[in-house]
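The hints should help you fit chain B onto chain A, whose structure is shown.
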Amino acid sequence: MKPNFEPFNDIPGTTIFTIEKAREGFHLNQFCMSLRTEENRKRFLADGPAYLAEWPMTDEQKQAVIDRDFQKMLDLGGNVYFLSKIFASEGMSYVQAVSTMTDMSAEEYQAMMVAGGRNIEGWRSKKERGEA
Amino acid sequence: MAKIVAGITTSHVPAVGHAVDAGKEKEPYWAPMFEGYEFSKQWVKDNPADVDIIVYNDHASYFGMEIMPTFAMGIADNYAICDEGYGRRPIPDVEGAPELSTHIAASLITDDFDMTILNVLEVDHGLTVPMSLMYGTPEKWPTKVIPLPVNVVMNPQPSGERCLSLGKAIKRAVESFDGDVKVRIWGTGGMSHQIQGARAGLINLPWDIQFMDDLINQPEVLQYKPHLEYMIEAGSEGVELIMWLIMRGALGDKVNEVYRFNHVPASNTSVGHLILTPKED
Numbered sequence: 000m001k002p003n004f005e006p007f008n009d010i011p012g013t014t015i016f017t018i019e020k021a022r023e024g025f026h027l028n029q030f031c032m033s034l035r036t037e038e039n040r041k042r043f044l045a046d047g048p049a050y051l052a053e054w055p056m057t058d059e060q061k062q063a064v065i066d067r068d069f070q071k072m073l074d075l076g077g078n079v080y081f082l083s084k085i086f087a088s089e090g091m092s093y094v095q096a097v098s099t100m101t102d103m104s105a106e107e108y109q110a111m112m113v114a115g116g117r118n119i120e121g122w123r124s125k126k127e128r129g130e131a
Numbered sequence: 000m001a002k003i004v005a006g007i008t009t010s011h012v013p014a015v016g017h018a019v020d021a022g023k024e025k026e027p028y029w030a031p032m033f034e035g036y037e038f039s040k041q042w043v044k045d046n047p048a049d050v051d052i053i054v055y056n057d058h059a060s061y062f063g064m065e066i067m068p069t070f071a072m073g074i075a076d077n078y079a080i081c082d083e084g085y086g087r088r089p090i091p092d093v094e095g096a097p098e099l100s101t102h103i104a105a106s107l108i109t110d111d112f113d114m115t116i117l118n119v120l121e122v123d124h125g126l127t128v129p130m131s132l133m134y135g136t137p138e139k140w141p142t143k144v145i146p147l148p149v150n151v152v153m154n155p156q157p158s159g160e161r162c163l164s165l166g167k168a169i170k171r172a173v174e175s176f177d178g179d180v181k182v183r184i185w186g187t188g189g190m191s192h193q194i195q196g197a198r199a200g201l202i203n204l205p206w207d208i209q210f211m212d213d214l215i216n217q218p219e220v221l222q223y224k225p226h227l228e229y230m231i232e233a234g235s236e237g238v239e240l241i242m243w244l245i246m247r248g249a250l251g252d253k254v255n256e257v258y259r260f261n262h263v264p265a266s267n268t269s270v271g272h273l274i275l276t277p278k279e280d
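Order-wise, the sequence lines are chains A and B. Heads up: the first sequence is residues 0 to 131, going by numbering that gives the first Met the number 0. Heads up: the second sequence is residues 0 to 280, going by numbering that gives the first Met the number 0.
Where hints are given, some of them may not hold.
Computed cross-link-like contacts, DSBU-like style, restricted to lysine-lysine with a CA-CA straight-line distance of at most 35 Å [unchecked claim]: (1) Lys143(B) to Lys40(B); (2) Lys224(B) to Lys126(A); (3) Lys25(B) to Lys167(B); (4) Lys170(B) to Lys44(B); (5) Lys181(B) to Lys278(B); (6) Lys41(A) to Lys25(B); (7) Lys139(B) to Lys224(B); (8) Lys139(B) to Lys41(A); (9) Lys23(B) to Lys44(B); (10) Lys61(A) to Lys41(A); (11) Lys71(A) to Lys40(B); (12) Lys23(B) to Lys41(A); (13) Lys181(B) to Lys224(B); (14) Lys125(A) to Lys224(B); (15) Lys167(B) to Lys44(B); (16) Lys1(A) to Lys224(B); (17) Lys224(B) to Lys167(B); (18) Lys170(B) to Lys1(A); (19) Lys1(A) to Lys167(B).
Counterexamples of contact, computed for chain B against chain A with all Cβ distances above 12 Å [said to hold, decoys possible]: (20) Asp49; (21) Cys81; (22) Lys139; (23) Asp177; (24) Glu232; (25) Gly251.
Simulated from the structure, these hints should not be mistaken for laboratory data. From a predicted model like this one, the values you see are computed outputs, not experimental measurements. Note that the Cβ used here is the ideal one computed from N, Cα and C, for glycine as well.
The shape of chain A in the complex, shown without the other chains (with noise of 0.2 Å):
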């Protein structure tokens, strides 16, 4: 069956790990798994640039890391849950970090949530929302 990614476009605020953007996002990914022990978290926050370096990823995916624009790593073939150990290595909780790539606060976003979450309504569809 030939596959469709086209209609993961229309999703608002969203961006869908294809197997596309995986390969596009391999060595950040693997950078991100080399986080998983406390030696090279240690290494990784002393000097970021440096440890960057040791990776072939490209330089917009690099200065992404720099500067925790976890949006753009998702842009640049990211995945939530391999970047959650860049902002696992800090010490920042899940809600801490997923609230950057909105357009709240930590707290604003920490209060959306406890209030029940966000609305889907006016969500499903860049379409229905003019931004398509």
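Frame of chain A; chain B shown alone:
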């Protein structure tokens, strides 16, 4: 003959594991969620089993991108606990069930399910958080475990039909094992949640509840729900719910609903939990 005696589904939020490890179950934020599992903790004591087959997904904890198996099965004696970036959770290793798992894996492959075989595996919160929810903080886990990792991270994921069929094949595999072994099957992950992008934080409780109803009453219809609908309605990570279909397939045509619980939120996630038993004709 070995027998599947119950099915359990539950979300597997990492923050829940951290809350258990830090003894925060009674804090106001967490108490309403943990109270929802009190019934279940007692129920699994009153209705013991020998082996738990736990369907879960790894979250870039053991599997990197070198190898991404669609369906895999652990057949080891023992599974260590991953360091997911925060340090290893202070919980015991998980004991395997090598005789039963080798039998099931061989049966599934013979039945045309191309399982990846894992003689070495470290398990992450996808498997250990459900165990903490059901068993608390024991020094040794009360059951042996067969881990069944499913790729729900990289699209394409296995179809709903394939997941339900795998569950049915697991039932056949268990029932063809010689030995009086009581087995439970767990489907973990979900419910609605999205942890990336500008749409992060999405929760769709009405959809979650309908999913539970359909899982119980009409899995043969539910299996055809396209992944795109999970992504739109339950968030990009809501597609984990296809793992619940594997659990459901292993329980047979009709089930008894023993227990149901929903709670919003745990961290970024809508928590859902079911205990089901096969309904004998």
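message: I'd like to know which numbered hints this structure contradicts. Please list them from smallest to largest.
response: Those not satisfied are hints 3, 7, 11, 21, 24.
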